[in-house]
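Student: Sequence:
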Amino acid sequence: MTGLTAKGAATRDRIVRAATELILERGVAGMTLDEIRDGTKTSKSQLFHYFPGGKSELVAAIAGYQNSQVMAAQEPWIDRLDSWRAWQGWRDAVITHYTGLTHKYCSVSALVNEVAPTDPELATQVIAYADRWLAQLATGLHRMRDTKLLRPEADPDRLALAVFASLQGGLLVMQSKNDIEPLAAALDGSLTMLRSYAP
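Numbering-wise (UniProt numbering), the sequence shown opens with residue 1 and increments by one.
The set of hints was computed from the structure by calculation and includes no laboratory data. Since the structure is predicted, the reported quantities are computational estimates derived from the model, not experimental observations. Treat the hints with care, since some could be wrong.
Stated by the list, open to error - Below, computed lysine-lysine pairings styled on DSSO-like, alpha-carbon distance capped at 30 Å:
#1 K41 - K55
#2 K44 - K7
#3 K41 - K7
#4 K55 - K44
#5 K55 - K7
Take these sequences, add in the hints, and give me the full structure.
Tutor: What follows is the structure, encoded as structure tokens:
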């Protein structure tokens with residue numbers, strides 16, 4: 001949302017952060033705008049001032065906020081996955097991020113699952129975040145093949161997809177068990193798989 005004063009931007013950011021906690025606890029379907037308004041200590045007019053599109057616009061803002069948090073936690077590794085050291089650093093950064101969360105699951109993926117059946121346009125926006133995450137993994141692997149850290153026959157795009165699918169599966173099991181170990185095991189297995197393509 002553009003054209004906000006510094007105070008307005010801070011207020012909108014506060015609403016997004018507070019609403020994020022509520023939605024992560026109860027899910028998108030489990031929250032009404034009135035409950036979000038009460039939980040964020042926001043008046044009805046104020047909520048619609050910052051989110052004229054209603055709940056859909058607020059959820060889109062939450063997805064954007066959550067994605068920025070997840071991606072920032074992976075820096076600087078996510079931007080330079082062109083060495084084995086960088087992949088290990090990325091793995092450790094992901095584990096550190098999710099270990100520190102109250103809600104141990106990938107909220108971006110969870111939002112995709114919830115909004116896709118009822119709001120295709122919003123689902124497309126949220127899915128784009130996951131696609132960009134996947135693309136960054138693939139970019140690093142392309143560089144590794146170019147520098148001969150991976151064998152010529154290695155398919156960077158398919159390997160990236162395997163890593164990303166393993167990551168998402170690890171996050172799902174982590175959520176159900178409320179334990180970081182499934183995610184750690186999934187990422188360790190992914191790195192072992194990648195290393196099997198080394199010359």
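Student: Please name the hints from earlier in the document that this structure breaks, with their numbers sorted from lowest to highest.
Tutor: none
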